[in-house]
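Enquirer: Protein chains in written order, with the working numbering: chain A, 139 to 544; chain B, 12 to 261; chain C, 3 to 409.
Please note: incorrect hints may appear among the correct ones.
The calculated DSS-like cross-link candidates involving lysine-lysine, where the alpha carbons are at most 25 Å apart (straight line), are [to be verified]: (1) A:Lys248 - C:Lys63; (2) A:Lys531 - C:Lys133; (3) C:Lys133 - C:Lys398; (4) A:Lys205 - C:Lys133.
DEER-style ranges, computed between Cβ atoms [to be verified]: (5) B:Arg99 - A:Glu222: 37 to 45 Å; (6) A:Ser264 - C:Gly239: 53 to 61 Å; (7) C:Glu84 - B:Arg99: 47 to 55 Å; (8) A:Arg388 - B:Asp223: 54 to 62 Å; (9) A:Thr273 - B:Asp111: 49 to 57 Å.
To be clear, the hints were calculated from the coordinates, so they are not data collected in a lab.
For each residue, glycine too, the CB sits at the ideal point set by N, CA and C.
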Amino acid sequence: MKMLATIAWRNVWRSRGRSLVVIGSIVVGIWALIFMLGFMNGFMISYINGAIKHEISHIQIHEANFKKDPNIGFVIPGGMDLAESLTSNPRIQAVSPRSLTSGMISSPRKSSGGRIYGIIPDRERSVTHHDSLITEGSYFISDLKNPIVIGKELANTLKVRLNSKVVLTFQDRENNLVAGAFRVAGMLETTSPQINKASAYILMEDLTRIAGLKEGVHEIALLLENPESEAVVLPELRSAHPNLLIESWREIAPELELFLSMTDSFLWVLIGIIMIALIFGIINTMLMAVLERYRELGMLMAIGMNKWRIFMMIVIETIFLSLVGGPIGILLGLMTMYWLGMQGIDLSAYSEGLREYGYSSILYPYIENSSYVYVAAGVIITALLGALYPAYKAVQLNPTEALHTV
Amino acid sequence: MVGVMKSTLWLVLSLISSFLYAQDASEIIKKVDQKMRGNSSSSNMTMKIVRPDWSREISMKGWSLGTDFSLILITAPARDQGTAFLKRDKELWNWQPTIDRVVKLPPSMMTQSWMGSDFTNDDLVKESSIVNDYDHFIRGDTTITARDAWKIELIPKEGAPVVWGRILICVSKDDYIELLIKYYDEDDFLINTMILSDIREMGGRMIPARMDMIPAENPEHRTVIHYNDIQFDIGISEDFFSIQKMKRIR
Amino acid sequence: MMFKMAWRNIWRNKRRTIITIVSIAFAVILSSIMRSMQLGSYERMIDNSVRFFTGYIQVHKLGYWDEQVLDNAFYPPEGLQEQIESLDGVEAAVPRLESFALASFKTRSRGAMVIGIDPEKESHLTGVEHKITEGSKVRLNDPRVLMGSGLADYLNMKVGDTLVLISQGYHGVNAAGKYAVAGLVEFGLPQLTNQVVFMPLPAAQYFYGADGLLTAMAVVTDQPKDVDDVREAILGGLDTTAYEVMGWKTMMPELIQGIEIDNISGIIMLLLLYLVIGFGMFGTFLMMTKERLYEFGVMLSVGMHRSRLQLLIFSEIVLLAILAVLTGFALSLPVINYFSRNPISLPEEYKTAFEKFDIEPIYAFSNEPIVFTSQAWVVFFMALVLSAYPLYKIWKIEPVTAMREGR
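Could you build all of it, start to finish, from the sequences and the hints given here?
Expert: Given below as structure tokens:
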């Protein structure tokens with residue numbers, strides 16, 4: 139066996155052209171798959187993250203009846219305390235307790251319905267980072283009394299500007315109408331139409347005061363340090379608070395899950411196709427190589443090398459080629475991902491459409507470390523499989539015929 | 012020394028007079044308010060909604076007590092007949108006889124137009140707020156259809172839940188009747204104009220029998236309310252303005 | 003003459019030729035399949051979204067789209083529905099009357115969206131009848147309604163209860179009515195399930211005092227690509243000062259952008275595929291060149307001009323490429339056609355997410371001609387470009403070296 143290996147090794151380096159091509163195919167195959175995975179991952183992540191980061195967060199907590207009946211009376215008992223205690227959980231990055239109700243926002247010209255959030259700016263901004271999405275005005279920094287921050291689209295619908303006065307009308311827990319006047323302190327532009335068109339943010343103290351509530355936390359939004367820890371945190375929270383409704387972003391926005399499924403399912407198909415392309419490329423190249431080595435193989439057989447050995451020789455040659463191509467491919471892939479991971483791929487030529495639809499214009503490819511191993515293994519196995527047929531063909535040769543070939 | 016005294020005196024005088032004026036303006040507005048509502052009233056009205064392509068006429072009967080209670084019953088046309096609106100303070104209810112149902116209007120319906128007119132449901136409820144939600148200032152005099160009138164400016168108080176930037180009301184000096192009301196947003200754009208005319212004696216008082224509401228952005232749109240007859244001090248109390256009454260009133 | 007020689011050369015070494023042809027043909031097949039699946043998924047996305055929300059085309063009163071209020075409803079011209087349905091490429095014309103109302107039951111109430119429909123026609127659009135989770139469907143002349151299960155939940159209602167609706171009708175008339183609930187419906191989008199009430203059109207028209215009026219006539223076309231033609235045809239038959247006819251691209255521009263984005267990633271995937279295929283093809287050409295070095299050496303040493311040899315080899319490659327691409331084309335046609343009619347089901351784990359939105363959990367294939375032709379051309383040109391290697395080699399080699407190496 140050792141001799142076979144040595145022969146195989148020398149064969150590899152003897153015909154540099156062929157070897158380089160096969161190594162090249164393997165490198166290209168690995169690189170292409172890594173790039174594809176990284177790109178698609180980056181794609182999915184940026185879309186989902188956009189929604190999670192600025193809109194729905196990782197986890198939301200409500201009082202059990204609130205989702206069904208968003209009456210302002212359904213506060214989370216001890217909401218503020220709960221929010222406090224959650225901040226000390228190391229897996230949770232940020233916590234935002236909110237008051238929440240729905241009502242009408244009116245300007246002299248128009249009225250529009252929407253959700254009214256009473257927030258604590260410092261907390262809220264650490265979870266939704268809305269302060270980075272302010273297009274005009276500021277995020278609750280100024281001294282304006284009764285400030286309100288609304289989406290730019292809503293402002294346009296109502297035909298109001300910065301410092302304009304709007305009136306919020308909603309219902310207290312007895313369903314009596316209450317109202318308050320607010321001044322537009324800032325305008326927001328996010329990737330969520332719900333926020334841009336139908337949400338208004340005011341100070342929690344203003345909302346609870348107008349509603350006549352002492353304490354009013356209706357919703358607590360959590361941002362996790364690491365998205366993966368959802369699998370741990372969610373059950374933990376649920377068992378600690380069985381009387382509250384605790385949901386993850388998957389349940390709150392099932393269309394995100396749909397998007398993930400669509401992209402994921404397609405990804406597998408693409409990987410399959412590229413692997414098939416790879417295997418055929420290798421089969422073809424190796425077949426051609428066998429043809430080219432007709433004479434040499436015939437010679438080997440004539441001097442007594444048995445068919446099994448010839449078969450193995452070709453297979454071992456392929457193994458060597460893979461062992462060289464594999465690491466190079468992975469290295470190239472790593473470098474590309476690293477570089478792109480920092481630079482990002484700039485898709486701003488299509489940026490307007492992207493924004494509308496929920497992506498930020500720079501895509502950061504992302505790939506898990508384990509994927510490198512899987513890809514490399516997959517490609518190498520494919521290469522080996524690709525070598526089988528040509529190797530088989532090689533041993534079908536008739537030595538005498540081969541020797542007479544020109 | 013003299014100069015300082017002079018200017019101080021002048022300052023004091025103008026302060027006093029503006030103080031007097033401010034008092035006057037609020038008093039004027041209060042009187043106006045009283046006048047239109049009386050203590051209690053019952054009336055017959057017609058409302059006409061005018062649009063470029065169509066128009067609609069609605070007849071109704073109304074009862075009111077002070078500025079906090081009112082009941083309106085629609086008597087024509089056939090589809091709307093029998094429906095009624097009850098206002099108690101800031102709440103508005105609607106009675107639908109065809110389906111035997113009373114509904115309390117939620118915020119989403121409050122901002123909608125009332126019966127398709129240029130008034131909103133909210134307007135019905137907010138009439139009384141001109142006294143309490145605003146500061147009042149006299150801005151001069153004017154003449155409207157041969158009547159001398161004050162020009163009074165209403166500026167919303169801090170935090171008052173009204174959308175207007177300011178309201179201008181022209182009040183006749185003789186009989187404290189509102190003749191003209193202009194609603195402005197905070198950028199001083201005119202949003203709505205209400206013209207009160209056809210001033211005559213009804214139910215023992217001088218009141219405008221016709222009100223036109225014209226939205227500035229659609230000057231071809233207009234809502235006109237005519238008082239056909241009205242009686243004051245009819246001796247009804249708060250109890251009159253109940254949901255049961257709303258269902259039974261004819 | 004050159005081509006005759008080239009042709010003979012090709013068939014002289016069948017094995018080599020076949021391997022090369024297979025390599026190229028396969029490239030065509032694979033890239034066609036990939037492109038077909040990509041386009042298939044976009045088509046499906048468009049179809050699903052468009053059917054669900056707006057239909058492919060809508061006819062309204064001029065100005066309705068900008069201000070979607072009941073007062074902007076229109077009287078459909080005599081025979082409009084039949085007229086549209088008789089056009090080529092139209093699957094159905096679906097009438098609608100939509101507005102808002104306060105829905106209440108006992109002491110609870112909530113804002114709801116009332117959609118007046120023709121239940122039978124509506125099946126071409128939102129397919130309401132398939133979304134019924136409890137109860138039964140309604141007919142055109144039914145006095146009963148279908149409501150979203152989320153809304154029913156909120157109001158604590160079940161099938162058979164009576165829903166109260168109050169609103170402002172056309173020109174502000176009073177709109178009030180009671181309707182028995184025939185069934186509950188559920189959609190993938192909770193916003194819809196929590197808000198919607200489907201009412202038979204005549205009942206809705208009566209409720210809103212809008213007899214004979216529609217807010218929109220939605221049109222479903224057989225094929226997405228027919229939309230523009232059908233729209234033109236409808237426009238031709240209508241008074242454009244009174245009506246507007248809009249295609250889904252105007253009504254749902256976000257969908258176009260969504261597809262654009264998918265397309266970008268799709269093209270990148272395709273480029274990656276070309277890279278891999280290209281390398282494979284290059285390998286084949288490289289090996290072919292190596293294998294024929296001896297032959298080239300001989301031909302050069304007996305006096306053939308390099309340029310002639312190059313031309314010969316180039317012709318061989320061109321012929322091979324044509325043959326191969328046509329083969330690939332011919333093979334991909336039946337494969338793709340088969341799958342476009344019998345799509346592959348998605349693996350189990352993805353099914354639930356799709357079914358929630360009532361989107362068929364399949365891999366869709368498109369059999370638009372462009373799928374095949376574009377890929378065929380690309381691969382053809384790739385082959386031509388890659389032929390540069392053998393030509394280069396011919397240009398560079400010394401005949402004697404070649405003959406020696408070739409042994």
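Enquirer: Tell me, which hint numbers fail for this structure?
Expert: 2, 3
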